[in-house]
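Generate the whole structure from the sequences, applying the supplied hints.
Chains Y and P are the protein sequences, given in the same order. All letters in the first sequence, in the order written, are residues 87 to 183 by my numbering. All letters in the second sequence, in the order written, are residues 87 to 183 by my numbering.
No lab work stands behind these hints: they were computed from the structure. In this text, all values refer to a predicted model and were calculated from it rather than measured experimentally. Where hints are given, some of them may not hold.
The calculated DSBU-like cross-link candidates involving lysine-lysine, where the alpha carbons are at most 35 Å apart (straight line), are [unchecked claim]:
(1) LYS105/Y with LYS105/P
(2) LYS178/Y with LYS119/P
(3) LYS154/P with LYS178/Y
(4) LYS105/P with LYS178/P
(5) LYS105/Y with LYS178/P
(6) LYS142/P with LYS178/P
(7) LYS174/P with LYS174/Y
(8) LYS154/P with LYS142/Y
(9) LYS174/Y with LYS105/P
(10) LYS119/P with LYS174/Y
(11) LYS105/P with LYS178/Y
Number of protein chains: 2
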Amino acid sequence: MTERLSDETRGPLLDPLFKCGWQMIEGRDAITKTFVFENFVDAFGWMTRVAIWAEKWNHHPEWSNVYKTVTVVLTTHEVDGLSALDAKLARKMEAMV
Amino acid sequence: MTERLSDETRGPLLDPLFKCGWQMIEGRDAITKTFVFENFVDAFGWMTRVAIWAEKWNHHPEWSNVYKTVTVVLTTHEVDGLSALDAKLARKMEAMV
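Laid out in structure tokens, this is it:
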């Protein structure tokens with residue numbers, strides 16, 4: 087079962103992400119990062135690879151794309167906040183850049 | 087050369103789009119529509135097909151996706167407003183739904 091991150095799990099899971107550019111969103115228990123690629127093909131190609139993992143894990147980002155820029159927001163609606171799935175998907179996103 | 091839509095070309099190109107749910111954005115010479123699909127695979131699959139045409143025509147949307155919903159904004163930065171390319175890409179989007 088998916089659970090909201092506890093005080094104990096939050097640091098170990100989120101700190102490594104904060105170190106590579108992820109941030110908390112003001113007023114929401116959610117993390118965000120803007121990725122900038124070389125061009126649209128690289129940006130959308132990355133989104134496509136992420137999309138396949140998102141569907142496989144049944145955990146989908148909120149994201150927007152303008153040409154070579156992709157802004158991602160991750161949170162878990164089911165628990166109304168961050169879960170381990172968000173950290174997992176964020177790590178996958180980083181691995182695929 | 088890409089040109090901003092004139093008063094004469096605006097109606098014929100945009101009216102058919104307004105009839106199928108496109109709207110002007112307040113304060114911008116841009117059009118927007120929110121597409122709702124059955125699920126994420128349908129939403130992202132549609133985005134992928136649109137992306138290939140966008141790249142082929144070198145005219146890219148601003149768009150955001152949350153699970154089965156895709157919100158699109160079209161405008162032409164080069165002319166600081168709507169051009170025939172926006173109408174063309176919007177028509178292609180409609181054809182691929």
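Notebook entry, point to check: If you draw a straight line from the CA of LYS105/Y to the CA of LYS178/P, is it 35 Å or shorter?
Noted result: violated (41 Å)
Margin query: Next pair to validate is LYS174/Y with LYS105/P; report whether the Cα-Cα distance is within 35 Å.
Written below: With Cα atoms ~42 Å apart, LYS174/Y and LYS105/P exceed 35 Å; violated.
Check: When you check the alpha-carbon spacing of LYS174/P and LYS174/Y, does it fall within 35 Å?
Finding: violated (39 Å)
Margin query: Need the status of pair LYS105/P, LYS178/P: alpha-carbon distance at most 35 Å?
Written below: Distance ~15 Å between LYS105/P and LYS178/P Cα, so the pair holds.
Notebook entry, point to check: Quick one, are LYS178/Y and LYS119/P close enough, alpha carbons at most 35 Å?
Noted result: holds (30 Å)
Item checked: Distance restraint between LYS119/P and LYS174/Y, which requires alpha-carbon spacing of 35 Å or less -> holds (32 Å)
Note to self: Does LYS142/Y sit within 35 Å of LYS154/P, going by the straight-line distance between their CA atoms?
What the structure shows: holds (15 Å)
Notebook entry, point to check: Regarding the pair LYS154/P and LYS178/Y, is the alpha-carbon distance no greater than 35 Å?
Noted result: holds (21 Å)
Next item on the list: Compare the distance between the alpha carbons of LYS105/Y and LYS105/P with 35 Å, and conclude whether the hinted pair is satisfied.
Entry: It is violated: about 48 Å lies between the C-alpha atoms, which goes past 35 Å.
Note to self: Can you confirm whether the C-alpha distance between LYS105/P and LYS178/Y stays at or below 35 Å?
What the structure shows: violated (41 Å)
Notebook entry, point to check: Within a Cα-Cα threshold of 35 Å, do LYS142/P and LYS178/P meet the stated pairing?
Noted result: holds (12 Å)
The earlier numbered hints that this structure contradicts are 1, 5, 7, 9, 11.
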